[in-house]
Structure formats: C-alpha cells, structure tokens
Amino acid sequence: MSGHTAPSLLLNDEQKMLSKTAHEFVRKRAPAARLRTFRDRKDEVGFSREIWKEMAQLGWLGLQIPHEYDGLGLGFFDLCIVLEESGRELMPEPFVSTLLLGAQALLLGGTGAQKKALLAGVAAGEKLVSVAYEERGSRDFRHVETVARASDDGFEITGEKIQVLDGHLVDAIIVSAATGGGAPTLFLVDSNAKGVTTTQQFRIDGQSSAIVRFENVAVALDSVVGELGKGAALLQTVFDRAAVGLAAHMLGASEQALADTLAYLKEREQFDVPIGSFQALQHRAVALYTEIALLRSVVLAAARVIDEQPEEVPRFACLAKALASETFLHVAKEAIQMHGGIGVTDEHDIGLYIKRAQATYMTFGEPSQHRRRWAELHGY
Amino acid sequence: MSDLNIFREEARAWIRENAPRSLWGTSGSGPFEGYWGGSKDLEADPDILGWRDRGIEKGWTAPSWPKEYGGGGLSVAHEQIIHEELKAIGVPRPIAGQGLAMFGPVLLQYGNDEQRAEHLPKIARGEVRWCQGYSEPNAGSDLANLQLRAERDGDEFVLNGQKVWTSHAHLSDWIYCLARTNPKAPKKQMGISILLADLGTPGITVRRIDLISGYSPFCETFFDDARVPAKNLVGELDEGWTIAKAILGHERSSIGRSIARQPGSAEREVVARARKHLGVGHGPIPDPLLRDEVAGLGMLEEAFHLTLARIEQSSKSGTPGPEGSISKIVGSELKQKRFELGMKVAGILGLGWEGPGFDDDDLEYTRDWLRSRATTIEGGSSEIQKNIVSKRVLGLPEGKK
Chain A
5 MSGHTAPSLL LNDEQKMLSK TAHEFVRKRA PAARLRTFRD RKDEVGFSRE IWKEMAQLGW
65 LGLQIPHEYD GLGLGFFDLC IVLEESGREL MPEPFVSTLL LGAQALLLGG TGAQKKALLA
125 GVAAGEKLVS VAYEERGSRD FRHVETVARA SDDGFEITGE KIQVLDGHLV DAIIVSAATG
185 GGAPTLFLVD SNAKGVTTTQ QFRIDGQSSA IVRFENVAVA LDSVVGELGK GAALLQTVFD
245 RAAVGLAAHM LGASEQALAD TLAYLKEREQ FDVPIGSFQA LQHRAVALYT EIALLRSVVL
305 AAARVIDEQP EEVPRFACLA KALASETFLH VAKEAIQMHG GIGVTDEHDI GLYIKRAQAT
365 YMTFGEPSQH RRRWAELHGY
Chain B
12 MSDLNIFREE ARAWIRENAP RSLWGTSGSG PFEGYWGGSK DLEADPDILG WRDRGIEKGW
72 TAPSWPKEYG GGGLSVAHEQ IIHEELKAIG VPRPIAGQGL AMFGPVLLQY GNDEQRAEHL
132 PKIARGEVRW CQGYSEPNAG SDLANLQLRA ERDGDEFVLN GQKVWTSHAH LSDWIYCLAR
192 TNPKAPKKQM GISILLADLG TPGITVRRID LISGYSPFCE TFFDDARVPA KNLVGELDEG
252 WTIAKAILGH ERSSIGRSIA RQPGSAEREV VARARKHLGV GHGPIPDPLL RDEVAGLGML
312 EEAFHLTLAR IEQSSKSGTP GPEGSISKIV GSELKQKRFE LGMKVAGILG LGWEGPGFDD
372 DDLEYTRDWL RSRATTIEGG SSEIQKNIVS KRVLGLPEGK K
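Listed in order, the protein sequences are those of chains A and B. Sequential numbering of the first sequence, starting at 5, is according to the numbering used here. Sequential numbering of the second sequence, starting at 12, is according to the numbering used here.
Take these hints with a grain of salt, some might be off.
Facing chain B, a subset of chain A residues (Cβ under 7 Å, in silico) [said to hold, decoys possible]:
{"#": "1", "residue": "A10"}
{"#": "2", "residue": "L15"}
{"#": "3", "residue": "G185"}
{"#": "4", "residue": "L232"}
{"#": "5", "residue": "A236"}
{"#": "6", "residue": "H287"}
{"#": "7", "residue": "A289"}
{"#": "8", "residue": "V348"}
{"#": "9", "residue": "H352"}
{"#": "10", "residue": "G355"}
{"#": "11", "residue": "R375"}
Pairs of lysine-lysine, PhoX-like flavour, derived with a Cα cap of 25 Å [claimed, not checked]:
{"#": "12", "chain 1": "A", "residue 1": "K270", "chain 2": "B", "residue 2": "K348"}
{"#": "13", "chain 1": "A", "residue 1": "K131", "chain 2": "A", "residue 2": "K120"}
{"#": "14", "chain 1": "B", "residue 1": "K348", "chain 2": "A", "residue 2": "K337"}
{"#": "15", "chain 1": "B", "residue 1": "K402", "chain 2": "A", "residue 2": "K337"}
These are computed hints drawn from the structure, not numbers from a lab. As the structure is a prediction and not an experimental result, all values here were calculated from the model. Glycine included, every Cβ here is placed at the ideal spot set by N, Cα and C.
All chains, full assembly: derive it from the sequences and hints.
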C-alpha cells in the first residue's frame, strides 16, 4: 500500500443483497454442467441468450454503465460482485467479451457517438461487443500483424485475429491494427461489414470464441477508438480493468471448487472414516482456503481502486491477476486430486474448473508478466 | 464527516505533535514492537520514555481500556484508528508487550474487580511487565498436557514444575501461567487453572535459552514450592482452559499483525539488499528470476496487508476469530520468505557470524534470518493453526493427530 489506509473492502447493504441474489440466480439457473451440453452439441452460441437477457433485466449488465446510456451508473466494484458469482458456475455468457473488453474500451476511449450506438444495447443485453487483439504470430498485444492502410476516406483493415471471445456472435468488434509506423490503433468495426469473416473455435474452457479475418475491410475515420497510433496504451488500460474483472470471476470459481471439494471430503469414506479427517488433506484444504482469503482481499481492493484511485490501477491489476491465476489453478488441481478418480472423469463437474483455470491463467497476462510489470512499477 | 473520521483527524494531529521525531519511521507499530516497560528493562532513551509518559497521560497506552484502569475509555474502532495513525508514520505504541496485547484483555474479560484494579493500571503505566507461562517440556503443540502442579494450601497455591519458552521472563515482573489444579480430572483439558505469580516469589527461578541465532529472548522458568496467594486465581478453579484458548486467539492475531510492519517494507528491504550486494545502483534487478521472486514477495506482502485490513474492517466486536490463525500462518511464512530472499541476494556475505570481513547490518540480518525460523513454531505452530482452521472454519471432521 502506498497510502496509509487500505481502501474499504466491505460491501454495503445493497451490495450484499446484490451478491446474495446473484449467487442464488447463478447456482439455480446456470449450473456448470451446461458447459458439457453446449460442447457436446457443438452449440453455435455456447451460452444461453435467455439467461443473458434475464441478467440484463435484473440490471446486472448495466451496473457500471452510466445513466446516459441507460445503465445504473454504479461502480466497477458492483460489477465485480456479479462477476464473482458468475465464476462459481463457470458461466460462459459474454461477460468478458462484452462487459470487460468491449464496454470498457468504449468507456475509456470511445467517442460520444460510439458509446451512444452500443452501450445502451449492452446494458439491455441486446448488443454484444468484443475486442480482437490476439494473433497467431505474437504473444504481445503491442505488436500486431494486422494492418490498417490509410485510404481516401478512412482505412482498410487486413489481417487475422484468433480466439476473439464471442467473435462470431458479436455486433461490433474493436480490432487492433497497425497504422503508420506500425503502432497499433483500435478501430470499431461492424461485424456485418464487407470483408469480415468468422470461424467458430472450440476451447477447453467452453468460452465461445472465433477466428476473425479482415480482408480489406473499409472503415471510416470516425471508427477510431481512442487516438490514432495510441491503441497499445488504451488496450493496456482496458486490460487492467478486464484483468480485475476476470480475477473476480476466478475468485468465485476458486471458492466454488473449494466448497465442492470440502463437501466431498466430508462425505467420501475410506478406511471407514471420512477422508476429510486425514490431516494430509486437511492441511492442503486450509492452504487453499488461505490463498482464497488473500485473493478475496486483493480483488476487493483492486475493484475499489478502479472506482476511486485511478493512478493505482496498474499495480492492483497486476496484483489481482497474478494472484487469481496462481490461486485458481492451484485450487483446481488440488480439487481434482482430492476427488480422486472421479475427479478426472468427464462426468464430474470438478474437472471443468481446471479448464477454465488454465484458460484464465493465460488471459490478460500470465503471472510472471504481471510480476515483471509490478517490479517495474516499484522501480526495480 | 463521521465521528470516526473526525477522531482520525484529532488522533493524527495529536500523534504528530507529541511523538518525538527520533521515533518516526522506526517501527511497524505492532503490539510487540517498542518499549515494553517494567522494572527491569532500564531504558535510557529520553525520547522513548517521554513518548511513554505522553501516552500514559493521554490514556493511549491502552486506548480501549476503561479510564478507571488507566485506559482511554475509547471503543475498539477508535483504538484501531490510533494504531493506524501510529503505523502511518512508523511510530511505536507508547508501550508495547504482552501485558497490553494479551494479558490485559483477558483480565478485563475474565478477572474480578479486585484483580483488574490491582494489575491493569500498572500495565497501562508500564510499571509492571508480564510474561506468559504456557508451554512446558512435555506440553508444546499438545498444550493441554501441561504438568505444572498447583496445590491448595490454606489461602495459597503451592507451585511445582517448569515452564519453557517464557518470553523475556528475565525482564518481566510477573507471570500469568496455566497450572494443573486437579490432576484427577477425567480429561486433560479439565482441571487446569490460570494463576498469577510475582516472579520475585521465593522458589521461582529463571534461566535464559540460547537460540540458533545467538539471541536469548526466551527463558525456562522453574517453580520449586513457590507460594502464590489464592486470590491470584483468574476465573473459575479448574476451568482455565477456555480462558487459555481465548488468550491464544489474541496471541495468534497479535503475532500475525506484529509481523506485518509497514506495508511494502519487506519488499523494499530485499530490493535494497539486492542493490547493495549485486551492485546494481537504482536500476532493475538484472536476474529476471530473482526479480520475479522479489515481486512475488511484494505481492504476497500487499495481499497480506489487505487481508489484515479486511479482517479489521469486518471485525466490529474486536474479538479475534479463526481469521487470526490465517494471519499467523501467512504472516509467519511471509517473514521467512523475506529473510530467505534477503539472504539469497547477499550470497557468501550473508554467512558471517561475527568479526572482521562482515558489516554490522549483514551480521544482524543473518541473525534475524535464523531467528525467523521460529515464527512458524511459536504461538502455535503452522500445523496447529491449520488444524484449528480445518476444524473451526472448514468444518472438517477431527481425525487422529
């Protein structure tokens, strides 16, 4: 902490109610077992549009979206409460693509017209927006092969993005492409624009994604999001927020994987006693509990900092994402081990957690990248 | 502004006005850091003694104790604010130690009026220093196995046996100890009582224990027909175990918090040592693996401080719950990691025990590294803490130990 008092890490009464309601909704309406169903039928959507719509009606998609765009105008902290609960059942609904990438990019860099065109639709659950930044040839979002060549009245974008979250389903895509000098610029592209083609991809974690190809896609000058040539800096600020939001999701997932494991330790008997009476397992369960307790503090602080101390966001984003990645993957591995044989069967839900853990670990920076940036921010 | 915010302003102003400049930045302001008082620790620094006196005058050596016992008569929330404001500028509490952090709260809760009136004001004024008599040679993790005998004889108890790991007994005036008053009780947790003894009592002797670090903060305390007045029994006869567990709760959360020091200080310390020993000036640490480890330490430290803050913010009652066990587990591991990394960056220059060729800071650091091996053992080992969390928080069934 650079300040002498920690940010408030408590939920107010309304937030506690939101957490409780979201918890009940997710557990009842969106069980993790859905992931298997979507996968087995190669579902084109990969999530439930009905559930998304219902969450919009409950006000949850517009929690952080300002009043002028029909949102509730609350904070990122409030959004994180719902994201945490979404993690419990590994919900594949488009939280990351639309609320954490698309909406944040628009909020941080979008023009008035861009925000007006999309944010109200996002809050209403009617519009999906994603950010296309991953490429086959580069693991650094600052270096892009996709190019945007200046044309008479704008730009022409050509290139290929991979694993664009919900890329085949979204209404608009914010794509990073190199402009003069090779520095990336972000462009808002209509998914139906001529030259945009998508191919659905299937990942281990059941998160919908697609290869998105751009072939001489013509965009107007006013489609630039943020400033020309400053796409990398804008993306970094978007990723900082997205990393915190994803960390909240990972916190919920870790909590649930541990809760399921504890229930199993109490119920499964071997040698005529519950296996949870063995100290070798008890101490490992406590280690997971402790890691999650630390992660909860960090996620709450990072979410609060986004609303209240913008200058501290990079540090807290690194902290939250690094810890969330290590913790969730550790919990998921231990959860399988403690479930024994049943834990490695496709039939049991606990195995779904390690798949999401691996996918989220690799998203918005691996822990070692966050530690390197943390060290840089701390001057060493 | 809320009352607490107004109070924070007042506390900040008073502390900054009254704390001597020489003490700023010298402490993490934890309950065990600083001057412990008593009749045997002959502190000479006028700033430390002056700060003690200002604290006593204000009632802020024990802010949440009733005024009649030398406290400040404030709420736990107010007390927390005072401690936060001390920590903000790194000033130690006016008086620290076992009496204020552990024994006092227990006496407030379980003692009788006479005991409170006799002992609490002397603690709040730093006149009497207390130590704790818990562990014995055959009662470590299995504390309830303790054997110190206390037999009633008229209006006295006669004590026979031995305590071990009595911290700073050689500098203390009084000891509060667990003694077996009924050896025939059906369970070993029964028949234990809490007794208070003046260490000057004939029959009590104290011997210091040398540790691997070369330091001797702990003692053995022997009782050989030592006679203690019966009024020194705290709580009910034979029912001291419940109180003992409450004291351990305070101890765990206090140890966790006292390890905390200033946020970011462990990271800064290791970075400073890396720069000193690797000769890299103010640039980045050149070895990326080492830098990764240091950043990992810094992140753990930050997460730990945020967790302490969360526990404090949510514990309105001020009674430490099982979270104290978590803070002790994490805090002690953090402390060990910090010293391990600090030793790693020093290379062979961290190998000095004493004498030429080593600088004083490095010699002290090495001793502190050795001392840090005890943090996961003292105050209930990490394994015992994990047993507690497993049972009380996770609800896992008790098994064979």
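So, going through the hints one by one against the coordinates:
Checking A10 of chain A against chain B: minimum C-beta separation of about 3 Å stays under 7 Å; hint holds. With a cut of 7 Å, the hint placing L15 of chain A at the interface with chain B is violated, because the nearest CB-to-CB distance is about 10 Å. The interface hint given for G185 of chain A is broken, as the beta carbon of that residue sits about 27 Å from the closest beta carbon of chain B, more than 7 Å. A cut of 7 Å between beta carbons decides the hint on L232 of chain A: the least distance to chain B is about 32 Å, and the hint is violated.
Here the hint on A236 of chain A is broken, as its CB sits about 21 Å from the closest CB of chain B, past 7 Å. At its closest, the beta carbon of H287 of chain A sits 5 Å from a beta carbon of chain B; the interface hint therefore holds under the 7 Å criterion. Contact between A289 of chain A and chain B, as hinted, is supported at the beta carbon level, the nearest pair being about 6 Å apart and thus within 7 Å. Restraint check, V348 of chain A versus chain B: the minimum CB separation of about 23 Å is more than 7 Å; hint violated.
At a threshold of 7 Å, the smallest CB-CB gap from H352 of chain A to chain B is about 21 Å, leaving the interface hint violated. Annotation: G355 of chain A was flagged as interfacial toward chain B, and the flag is violated, the nearest CB pair being 22 Å apart, outside 7 Å. Of the supplied interface hints, the one on R375 of chain A holds, with its beta-carbon coming within about 4 Å of a beta-carbon of chain B, less than 7 Å. Between K270 of chain A and K348 of chain B, the direct Cα distance comes to roughly 33 Å. Violation of the 25 Å bound is thereby established for this hinted pair.
Distance check on the hinted pair: K131 of chain A and K120 of chain A sit about 12 Å apart at the alpha-carbon level, within 25 Å; holds. The hinted pair formed by K348 of chain B and K337 of chain A meets the criterion: a straight-line CA distance of about 24 Å does not exceed 25 Å. Distance restraint check for K402 of chain B and K337 of chain A: the Cα-Cα separation of roughly 23 Å lies within the 25 Å cut-off, and the hinted pair is therefore satisfied.
Hint check: violations occur at hints 2, 3, 4, 5, 8, 9, 10, 12; the rest are consistent with the structure.
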